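There are 2 protein chains.
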Amino acid sequence: MQRAIVLGAGMVGSVMAVDLARDPGFEVTVADNREDALARVANAAASLRESPAGASSGLRAPSDIRTVRADLSSPEAIRALVAPYDLVLGALSSRLGFAALRAVIEAGKDYCDIAFMAEDALDLSPLAQKHGVTAIVDCGVAPGMSNLLAAYGASQLDDCRTISIYVGGLPRERRWPYQYKAAFAPSDVVEEYCRPTRLVENGKLVVREALSEPELLDFNGVGTLEAFNTDGLRSLVHTLKVPNMREKTMRYPGHIEIMRIFRDLGLFREDEVEVGGSPGKPGVKIRPRDLTAKLMFPKWTYEPGEEDLTVMRVICEGTRKGKETRLTWDLLDAYDTTTRSTSMARTTAFPCTIVARLLAGGTIKQPGVHAPEAIAQPAIVRRIMQELQARGVRYSEREETL
Amino acid sequence: MQRAIVLGAGMVGSVMAVDLARDPGFEVTVADNREDALARVANAAASLRESPAGASSGLRAPSDIRTVRADLSSPEAIRALVAPYDLVLGALSSRLGFAALRAVIEAGKDYCDIAFMAEDALDLSPLAQKHGVTAIVDCGVAPGMSNLLAAYGASQLDDCRTISIYVGGLPRERRWPYQYKAAFAPSDVVEEYCRPTRLVENGKLVVREALSEPELLDFNGVGTLEAFNTDGLRSLVHTLKVPNMREKTMRYPGHIEIMRIFRDLGLFREDEVEVGGSPGKPGVKIRPRDLTAKLMFPKWTYEPGEEDLTVMRVICEGTRKGKETRLTWDLLDAYDTTTRSTSMARTTAFPCTIVARLLAGGTIKQPGVHAPEAIAQPAIVRRIMQELQARGVRYSEREETL
Numbered sequence: 315m316q317r318a319i320v321l322g323a324g325m326v327g328s329v330m331a332v333d334l335a336r337d338p339g340f341e342v343t344v345a346d347n348r349e350d351a352l353a354r355v356a357n358a359a360a361s362l363r364e365s366p367a368g369a370s371s372g373l374r375a376p377s378d379i380r381t382v383r384a385d386l387s388s389p390e391a392i393r394a395l396v397a398p399y400d401l402v403l404g405a406l407s408s409r410l411g412f413a414a415l416r417a418v419i420e421a422g423k424d425y426c427d428i429a430f431m432a433e434d435a436l437d438l439s440p441l442a443q444k445h446g447v448t449a450i451v452d453c454g455v456a457p458g459m460s461n462l463l464a465a466y467g468a469s470q471l472d473d474c475r476t477i478s479i480y481v482g483g484l485p486r487e488r489r490w491p492y493q494y495k496a497a498f499a500p501s502d503v504v505e506e507y508c509r510p511t512r513l514v515e516n517g518k519l520v521v522r523e524a525l526s527e528p529e530l531l532d533f534n535g536v537g538t539l540e541a542f543n544t545d546g547l548r549s550l551v552h553t554l555k556v557p558n559m560r561e562k563t564m565r566y567p568g569h570i571e572i573m574r575i576f577r578d579l580g581l582f583r584e585d586e587v588e589v590g591g592s593p594g595k596p597g598v599k600i601r602p603r604d605l606t607a608k609l610m611f612p613k614w615t616y617e618p619g620e621e622d623l624t625v626m627r628v629i630c631e632g633t634r635k636g637k638e639t640r641l642t643w644d645l646l647d648a649y650d651t652t653t654r655s656t657s658m659a660r661t662t663a664f665p666c667t668i669v670a671r672l673l674a675g676g677t678i679k680q681p682g683v684h685a686p687e688a689i690a691q692p693a694i695v696r697r698i699m700q701e702l703q704a705r706g707v708r709y710s711e712r713e714e715t716l
Numbered sequence: 315m316q317r318a319i320v321l322g323a324g325m326v327g328s329v330m331a332v333d334l335a336r337d338p339g340f341e342v343t344v345a346d347n348r349e350d351a352l353a354r355v356a357n358a359a360a361s362l363r364e365s366p367a368g369a370s371s372g373l374r375a376p377s378d379i380r381t382v383r384a385d386l387s388s389p390e391a392i393r394a395l396v397a398p399y400d401l402v403l404g405a406l407s408s409r410l411g412f413a414a415l416r417a418v419i420e421a422g423k424d425y426c427d428i429a430f431m432a433e434d435a436l437d438l439s440p441l442a443q444k445h446g447v448t449a450i451v452d453c454g455v456a457p458g459m460s461n462l463l464a465a466y467g468a469s470q471l472d473d474c475r476t477i478s479i480y481v482g483g484l485p486r487e488r489r490w491p492y493q494y495k496a497a498f499a500p501s502d503v504v505e506e507y508c509r510p511t512r513l514v515e516n517g518k519l520v521v522r523e524a525l526s527e528p529e530l531l532d533f534n535g536v537g538t539l540e541a542f543n544t545d546g547l548r549s550l551v552h553t554l555k556v557p558n559m560r561e562k563t564m565r566y567p568g569h570i571e572i573m574r575i576f577r578d579l580g581l582f583r584e585d586e587v588e589v590g591g592s593p594g595k596p597g598v599k600i601r602p603r604d605l606t607a608k609l610m611f612p613k614w615t616y617e618p619g620e621e622d623l624t625v626m627r628v629i630c631e632g633t634r635k636g637k638e639t640r641l642t643w644d645l646l647d648a649y650d651t652t653t654r655s656t657s658m659a660r661t662t663a664f665p666c667t668i669v670a671r672l673l674a675g676g677t678i679k680q681p682g683v684h685a686p687e688a689i690a691q692p693a694i695v696r697r698i699m700q701e702l703q704a705r706g707v708r709y710s711e712r713e714e715t716l
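Protein sequences, first through last, are from chains A and B. So the mapping is simple: the working numbering equals the position in the first sequence, first residue as 1, plus 314. So the mapping is simple: the working numbering equals the position in the second sequence, first residue as 1, plus 314.
Certain hints may be false.
Under the rule of at most 16 Å between Cα atoms (straight-line distance), these lysine to aspartate or glutamate pairs were calculated in the EDC-like manner [as the list claims (entries may be wrong)]:
hint: 1; chain 1: A; residue 1: K495; chain 2: A; residue 2: E617
hint: 2; chain 1: B; residue 1: K608; chain 2: A; residue 2: D585
hint: 3; chain 1: A; residue 1: K679; chain 2: A; residue 2: D400
hint: 4; chain 1: B; residue 1: K613; chain 2: B; residue 2: E487
hint: 5; chain 1: B; residue 1: K613; chain 2: A; residue 2: D578
hint: 6; chain 1: B; residue 1: K608; chain 2: A; residue 2: E586
hint: 7; chain 1: B; residue 1: K555; chain 2: B; residue 2: E515
hint: 8; chain 1: A; residue 1: K555; chain 2: A; residue 2: E621
hint: 9; chain 1: A; residue 1: K608; chain 2: B; residue 2: E586
hint: 10; chain 1: B; residue 1: K495; chain 2: B; residue 2: E505
hint: 11; chain 1: A; residue 1: K495; chain 2: A; residue 2: D585
hint: 12; chain 1: B; residue 1: K608; chain 2: A; residue 2: D400
hint: 13; chain 1: A; residue 1: K444; chain 2: A; residue 2: E420
hint: 14; chain 1: A; residue 1: K608; chain 2: B; residue 2: D578
hint: 15; chain 1: B; residue 1: K637; chain 2: B; residue 2: E713
hint: 16; chain 1: A; residue 1: K635; chain 2: A; residue 2: E714
hint: 17; chain 1: A; residue 1: K599; chain 2: A; residue 2: E584
hint: 18; chain 1: B; residue 1: K599; chain 2: B; residue 2: E584
hint: 19; chain 1: A; residue 1: K608; chain 2: B; residue 2: D585
hint: 20; chain 1: A; residue 1: K637; chain 2: A; residue 2: E586
hint: 21; chain 1: B; residue 1: K635; chain 2: B; residue 2: E714
hint: 22; chain 1: A; residue 1: K608; chain 2: B; residue 2: E487
hint: 23; chain 1: A; residue 1: K635; chain 2: A; residue 2: D585
hint: 24; chain 1: A; residue 1: K599; chain 2: A; residue 2: D585
hint: 25; chain 1: B; residue 1: K599; chain 2: B; residue 2: E588
hint: 26; chain 1: A; residue 1: K613; chain 2: B; residue 2: D578
hint: 27; chain 1: A; residue 1: K599; chain 2: B; residue 2: E487
hint: 28; chain 1: B; residue 1: K608; chain 2: A; residue 2: E584
hint: 29; chain 1: B; residue 1: K599; chain 2: A; residue 2: E586
hint: 30; chain 1: B; residue 1: K599; chain 2: A; residue 2: E588
hint: 31; chain 1: A; residue 1: K495; chain 2: A; residue 2: E505
hint: 32; chain 1: A; residue 1: K608; chain 2: B; residue 2: E588
hint: 33; chain 1: A; residue 1: K599; chain 2: B; residue 2: E588
hint: 34; chain 1: B; residue 1: K635; chain 2: B; residue 2: D473
hint: 35; chain 1: B; residue 1: K608; chain 2: A; residue 2: D578
If we take Cβ atoms under 7 Å as the criterion, some of the chain B residues that face chain A in the derived model are [to be verified]:
hint: 36; residue: P491
hint: 37; residue: I575
hint: 38; residue: L579
hint: 39; residue: G580
hint: 40; residue: V587
The hints are simulated quantities; they were obtained by calculation from the structure and are not laboratory data. Note that the structure is predicted; figures quoted are calculated from it, not measured. Note that beta-carbon positions come from the ideal geometry of N, C-alpha and C, so glycine has one too.
Please work from the sequences and hints to get the whole structure.
Pasting the structure below:
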């Protein structure tokens with residue numbers, strides 16, 4: 315029996331905890347400073363155990379989940395908290411991710427997380443090696459499965475020349491005007507729409523404006539989507555030696571035009587603007603992005619039970635045995651009406667809990683901090699895909715000779 | 315020789331002054347509290363006199379225009395100012411229009427203006443009758459020519475059942491994203507996009523949301539435009555007994571969708587919103603419309619020399635001699651590169667200066683305050699159209715039997 319602790323009882327953390335608790339090999343604790351969030355996780359596990367759906371699709375019903383209240387913004391608190399556990403999973407906001415990673419490494423515990431932190435987690439690799447800790451970060455869907463499939467696809471070609479990653483979280487119902495809701499913090503979405511994007515072209519790192527190079531693509535089961543550059547390559551820029559790599563976010567067509575207009579107007583500006591003044595009377599200073607946040611975020615928030623979708627496409631192109639070859643993986647996942655968990659939470663949490671099992675079982679053991687592309691060996695990728703499929707998250711694979 | 319004074323030396327007032335000064339029957343003064351605006355008018359007249367273009371198209375070059383500095387926000391100042399003149403023309407902002415009208419009436423002077431004031435000018439009609447003053451208000455393009463043509467068209471049918479007025483000011487060049495610039499105060503445009511619109515249906519006054527009932531229509535020389543309800547019927551709601559009347563504003567297609575999104579987001583809200591606060595720390599309160607104004611208005615401002623267009627269509631439908639008949643007037647006017655005056659200023663100023671001549675000559679003499687539909691007698695309409703045509707503002711007329 316392994317003792318695992320999940321840091322964070324939010325949407326993703328709760329799905330992680332329930333998934334691990336379905337495994338008789340784990341005793342699961344979840345930590346958060348929000349009492350209500352902890353209660354929700356414990357109740358979710360209990361009610362799944364009592365409902366016939368709890369053990370649906372060949373998965374066992376979850377065992378009890380322990381909860382512990384803790385201040386996860388305090389590295390000291392995390393070090394003390396994780397000491398009695400064999401394994402730690404991180405489901406923290408991007409803001410807390412880096413400090414938590416360091417604290418877990420210092421506590422000498424193997425770790426996997428989905429934090430999407432702004433800092434470069436790989437900077438802590440020497441520290442992890444010193445402590446004999448294996449940490450796999452960015453272990454969600456994108457980053458996460460996108461890295462894994464990009465690296466695996468590249469390894470399956472003799473000469474991979476282009477990697478294209480498309481990913482998006484969408485509401486199932488398209489409502490005017492945005493046709494969009496944010497499954498995670500809307501402020502992070504706005505940040506994504508503003509941050510310059512890094513891509514690799516002809517072996518060189520180039521920077522393009524966010525929201526640039528929109529293109530339409532068709533996605534079975536969803537229809538036509540619109541993809542645009544975002545800064546999502548992250549570690550792949552450095553870890554993969556592929557001369558052309560880009561990452562794009564997908565939305566329903568039209569969304570991005572509105573965002574371009576908002577940005578052009580200055581609604582995403584972070585500098586202060588003085589408004590409402592008159593001659594002789596100063597106005598007040600505000601950051602336009604703060605007002606936009608205030609007005610827009612309620613409109614971007616999923617209603618309870620509102621269904622979301624996750625779509626992803628990873629394309630690797632190059633030559634294999636002298637033939638021009640394209641490998642494509644498609645993911646289309648939807649809100650789970652049985653467990654009432656969002657597709658975003660499912661597709662993000664499961665890669666992390668599956669990797670956690672591989673860490674616990676010793677299948678992955680390479681001290682240091684790694685992005686998922688570091689574990690893209692065929693046996694591991696196969697195992698992850700099988701486990702995802704058992705949880706209803708299906709990546710289809712297609713191979714074309716061009 | 316008649317002595318005329320124009321109140322206001324802005325874009326429209328300056329065109330009024332120059333137009334009157336082309337007439338040997340007038341000695342023209344223009345009043346404003348902005349020294350630079352006054353200098354511009356005087357210089358414009360002087361330079362037109364010296365250039366061959368000044369007397370183009372059969373119009374005489376303007377004589378000298380006198381200028382006088384005055385505080386036009388003070389009714390007392392206006393009463394004193396206009397005392398020595400035979401006739402007064404108003405080219406004031408909507409904010410100052412009503413008080414100025416009252417002051418001119420109290421001074422006992424005939425008046426015509428283009429103020430587009432929020433108050434009901436006709437409330438001052440008893441006062442004007444008492445002073446023996448004839449005042450024609452809203453004497454621009456729309457309101458103005460729109461009222462005149464609607465009333466004239468209705469009088470040309472035995473039974474007019476529907477009046478539709480379409481009007482718009484547009485930049486000649488369409489630029490992403492708004493395809494729009496504001497030839498007058500952009501805050502008035504936003505107000506127009508928010509104020510509920512009154513229209514007449516089956517003899518009843520009904521109120522619709524602003525920006526509602528968008529429709530596409532083709533306009534020779536411009537292409538396809540998009541029209542939507544605005545609150546522009548004004549006095550016609552009461553003065554014309556036509557069972558169906560509506561007024562719509564025209565923009566290039568797409569503009570109004572952006573405005574609908576902005577309104578939906580709350581960018582036009584006038585109530586205070588608190589932003590930028592955090593737990594325990596209050597934010598600042600702002601009216602979103604103030605920020606929108608600050609950010610948007612620079613983008614909506616015409617560059618010097620940037621060309622504008624004015625489009626208007628007035629349709630009167632009903633029966634004549636037992637036949638279903640449609641009368642249509644179309645206006646398409648453009649920036650005047652010779653005089654460097656905007657189409658908005660031309661199409662607005664000339665109806666007022668033409669009516670001023672009719673007042674000065676005694677052709678119009680009916681003490682009271684009137685909207686232009688009150689002077690829609692065939693002889694007057696014919697005269698106004700001829701004079702407009704002499705100034706290059708051409709309304710085409712079309713009659714169809716349906």
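Results for each hint:
1. With a CA separation close to 10 Å, the supplied pair A:K495 and A:E617 stays within the 16 Å bound.
2. Under the criterion of a C-alpha separation no larger than 16 Å, the hint pairing B:K608 with A:D585 is consistent with the structure, at around 14 Å.
3. For the suggested pair A:K679 and A:D400, the alpha carbons sit about 14 Å apart, so the restraint of at most 16 Å is met.
4. Restraint check for B:K613 and B:E487: the C-alpha separation of about 14 Å stays at or below 16 Å, so the hint holds.
5. Annotation: proposed proximity of B:K613 to A:D578 holds, straight-line Cα distance about 10 Å (limit 16 Å).
6. Taking the CA atoms of B:K608 and A:E586, the gap is about 12 Å. The hint holds against a cut of 16 Å.
7. Only pairs whose Cα atoms come within 16 Å are accepted, and B:K555 paired with B:E515 is accepted, the gap being roughly 12 Å.
8. For a cut-off of 16 Å, the pair hint linking A:K555 to A:E621 is broken: about 38 Å separates their Cα positions.
9. Of the pairs offered as hints, the one joining A:K608 and B:E586 holds, with about 12 Å between alpha carbons and a cut-off of 16 Å not exceeded.
10. A C-alpha spacing of about 15 Å is found between B:K495 and B:E505, which places the hinted pair at or below 16 Å, so the restraint holds.
11. Of the supplied pair hints, the one linking A:K495 and A:D585 is violated, its CA atoms being roughly 26 Å apart against a limit of 16 Å.
12. Restraint check for B:K608 and A:D400: not satisfied, since their Cα atoms lie roughly 57 Å apart, outside the 16 Å limit.
13. Of the pairs offered as hints, the one joining A:K444 and A:E420 holds, with about 9 Å between alpha carbons and a cut-off of 16 Å not exceeded.
14. Simply put, A:K608 and B:D578 have alpha-carbon atoms about 13 Å apart, close enough for the 16 Å limit, and the pair holds.
15. Straight-line distance between C-alpha atoms of B:K637 and B:E713 comes to about 12 Å, which keeps the hinted pair within the 16 Å bound.
16. The straight-line distance between the Cα atoms of A:K635 and A:E714 is roughly 13 Å, inside the 16 Å bound, and the hint therefore holds.
17. The hinted pair formed by A:K599 and A:E584 meets the criterion: a straight-line CA distance of about 11 Å does not exceed 16 Å.
18. For the hint pairing B:K599 with B:E584, the CA-to-CA distance comes to about 11 Å; that is within 16 Å, so the pair holds.
19. Using a Cα cut-off of 16 Å, the hinted pair A:K608 and B:D585 holds, with the two alpha carbons roughly 14 Å apart.
20. Restraint check for A:K637 and A:E586: the C-alpha separation of about 56 Å exceeds 16 Å, so the hint is violated.
21. For the hint pairing B:K635 with B:E714, the CA-to-CA distance comes to about 13 Å; that is within 16 Å, so the pair holds.
22. For the suggested pair A:K608 and B:E487, the alpha carbons sit about 35 Å apart, so the restraint of at most 16 Å is broken.
23. As the CA atoms of A:K635 and A:D585 are separated by approximately 54 Å, the hinted pair breaks the 16 Å bound.
24. For a cut-off of 16 Å, the pair hint linking A:K599 to A:D585 stands: about 9 Å separates their Cα positions.
25. Between B:K599 and B:E588, the direct Cα distance comes to roughly 4 Å. Compliance with the 16 Å bound is thereby established for this hinted pair.
26. About 10 Å separates the Cα atoms of A:K613 and B:D578, which keeps this hinted pair within 16 Å; it holds.
27. The straight-line distance between the Cα atoms of A:K599 and B:E487 is roughly 34 Å, outside the 16 Å bound, and the hint therefore fails.
28. Proximity of B:K608 to A:E584 is assessed by CA-CA distance (about 15 Å); at most 16 Å being required, the pair is judged to hold.
29. A threshold of 16 Å between alpha carbons decides the hint, and for B:K599 with A:E586 the separation of about 14 Å falls inside it, so the pair holds.
30. A threshold of 16 Å between alpha carbons decides the hint, and for B:K599 with A:E588 the separation of about 12 Å falls inside it, so the pair holds.
31. Restraint check for A:K495 and A:E505: the C-alpha separation of about 15 Å stays at or below 16 Å, so the hint holds.
32. With a CA separation close to 8 Å, the supplied pair A:K608 and B:E588 stays within the 16 Å bound.
33. A C-alpha spacing of about 12 Å is found between A:K599 and B:E588, which places the hinted pair at or below 16 Å, so the restraint holds.
34. Under the criterion of a C-alpha separation no larger than 16 Å, the hint pairing B:K635 with B:D473 is consistent with the structure, at around 9 Å.
35. For the hint pairing B:K608 with A:D578, the CA-to-CA distance comes to about 13 Å; that is within 16 Å, so the pair holds.
36. Interface restraint check for B:P491: the shortest CB-CB distance to chain A comes to about 5 Å, inside 7 Å, so the restraint holds.
37. The restraint placing B:I575 at the interface with chain A holds, with a minimum CB-CB distance near 5 Å, inside the 7 Å limit.
38. Interface hint status for B:L579: upheld, as the beta-carbon distance to the closest one in chain A is roughly 5 Å, under 7 Å.
39. Using the Cβ-Cβ criterion of 7 Å, the hint placing B:G580 at the interface with chain A is satisfied: the shortest such distance is roughly 4 Å.
40. The interface hint given for B:V587 is met, as the beta carbon of that residue sits about 6 Å from the closest beta carbon of chain A, less than 7 Å.
Of the hints listed earlier, those the structure fails to meet are numbers 8, 11, 12, 20, 22, 23 and 27, in rising order.
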